[in-house]
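Colleague: Sequence:
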Amino acid sequence: YGPEASGKTTLALHVVAEAQKEGGVAAYIDAEHALDLSYARSLGVNVEELLLSQPDTGEQALEIADILVRSGAVDVIVIDSVAALVPRAEIEGEMGDQHVGLQARLMSQALRKLTATISKSRAIVIFINQIRHKIGVMFGNPETTPGGNALKFYASVRLDIRRIGAIKQGDTTIGNRTRVRVVKNKVAPPFKEAEFDIMYGRGISKEGEVLDLGLAAGLIEKVGTWYSMGDTRLGQGRENAKAFLRENPQLMAELEAKIRERQGAKTEGGQDGDRP
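Numbering (the working numbering), first residue to last: 2 to 277.
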């Protein structure tokens, strides 16, 4: 979950793309009716193999998710988004009708069914959610997520995605710096954070991650504004260094292998709680 334009859909599409690369089957339940297939394709998603559904009601969306999980044929299911899962009664009712707690009851009922079937399958179900603000909160965090508390309770992992800065080339904004914080984790220690670049039209910048991790591991040196790896100069300024890595995939692959080797050695030598 996170604010608008923070990178929630982009991150979910990258998960879909990586699953497809490993031979997995992915489904995308587009409750918002807003998925841009050309953007998904540019992130590496095989849209011809993607199971795409644009349901009319929240009940229909969750029923489709349940059927897909029970089938055992799908590895990743993305539901975009919880806020757009509108109950049938609300769609069929008048514009000014009050439907208090309908969506929360729908989510609670659906998740009771889904949790049992997901635990018996090997599928990952990703719910994308938006942020709302509670009115009149004087102390504490006024932010909340739509759809009640059931999803917070049943989720194994909850990720808070935030845009923390703009990436500029001259006066033109070409991307965003994004931070993801694990606010709940049933499978590993929580409260870990990761920062990465989301570039417009290209998605998460792998070369940006490799550059940052290489710098942190001591494999890349930064002197002033220049980045270098051993005797190889990568470029002046972060964006130029990223462009150099993008244009030299073999060098980037070597750097990535060294980073993974170092991280692996650190993981084997540390305790479970110290794992990166």
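Think of the hints as simulated: they come from the structure by calculation, not from any bench.
A couple of the hints might just be wrong.
What the hints assert, rightly or not - Pairs of lysine-lysine residues, derived as DSS-like cross-links and limited to a Cα-Cα distance of at most 25 Å, are as follows:
no., residue 1, residue 2
1, 22, 259
2, 169, 207
3, 185, 114
4, 135, 153
5, 135, 207
6, 207, 22
7, 135, 121
8, 169, 114
9, 259, 223
10, 153, 121
11, 114, 193
12, 22, 135
13, 153, 114
14, 185, 223
15, 207, 153
16, 121, 207
17, 185, 135
18, 114, 22
19, 223, 207
20, 223, 187
Unchecked claim - Now the in silico label distances, taken between C-beta atoms and shown as ranges:
no., residue 1, residue 2, range
21, 35, 189, 27 to 37 Å
22, 92, 144, 53 to 63 Å
23, 170, 35, 20 to 30 Å
24, 64, 142, 25 to 35 Å
Values in this document were obtained by computation on a predicted structure and should not be read as measured data.
C-beta: ideal position from N, C-alpha, C; glycine also.
Colleague: Keeping to a limit of 25 Å between CA atoms, is the pair of residue 135 and residue 207 held or broken?
Modeller: Outside the cut-off at roughly 37 Å; violated.
Colleague: Is the distance from the Cβ of residue 64 to the Cβ of residue 142 consistent with 25 to 35 Å?
Modeller: At 33 Å between Cβs, range holds.
Colleague: Using the Cβ atoms, figure out if residue 170 sits within 20 to 30 Å of residue 35.
Modeller: 27 Å, holds
Colleague: Residue 114 and residue 22 were given as a pair; does the straight-line alpha-carbon distance stay at or below 25 Å?
Modeller: 30 Å, violated
Colleague: Straight-line Cα separation of residue 169 and residue 114 no greater than 25 Å?
Modeller: 46 Å, violated
Colleague: Just to be sure I understand the hint, the distance between the Cβ atoms of residue 35 and residue 189 should be within 27 to 37 Å; is that true here?
Modeller: 32 Å, holds
Colleague: Verify the proposed pairing of residue 185 with residue 114, using a straight-line Cα cut of 25 Å.
Modeller: Satisfied, since the Cα-Cα distance of roughly 21 Å is no more than 25 Å.
Colleague: Need the status of pair residue 22, residue 259: alpha-carbon distance at most 25 Å?
Modeller: 22 Å, holds
Colleague: Regarding the pair residue 22 and residue 135, is the alpha-carbon distance no greater than 25 Å?
Modeller: 41 Å, violated
Colleague: Would you check the hint for residue 185 and residue 223, treating anything up to 25 Å between C-alpha atoms as holding?
Modeller: Since the Cα atoms of residue 185 and residue 223 sit roughly 35 Å apart, the hinted pair is violated (cutoff 25 Å).
Colleague: Keeping to a limit of 25 Å between CA atoms, is the pair of residue 223 and residue 207 held or broken?
Modeller: 19 Å, holds
Colleague: Are residue 153 and residue 114 close enough, with their CA atoms no more than 25 Å apart?
Modeller: Distance ~15 Å between residue 153 and residue 114 Cα, so the pair holds.
When each numbered hint is compared with the structure, violations occur for hints 5, 7, 8, 11, 12, 14, 15, 16, 18, 20 and 22.
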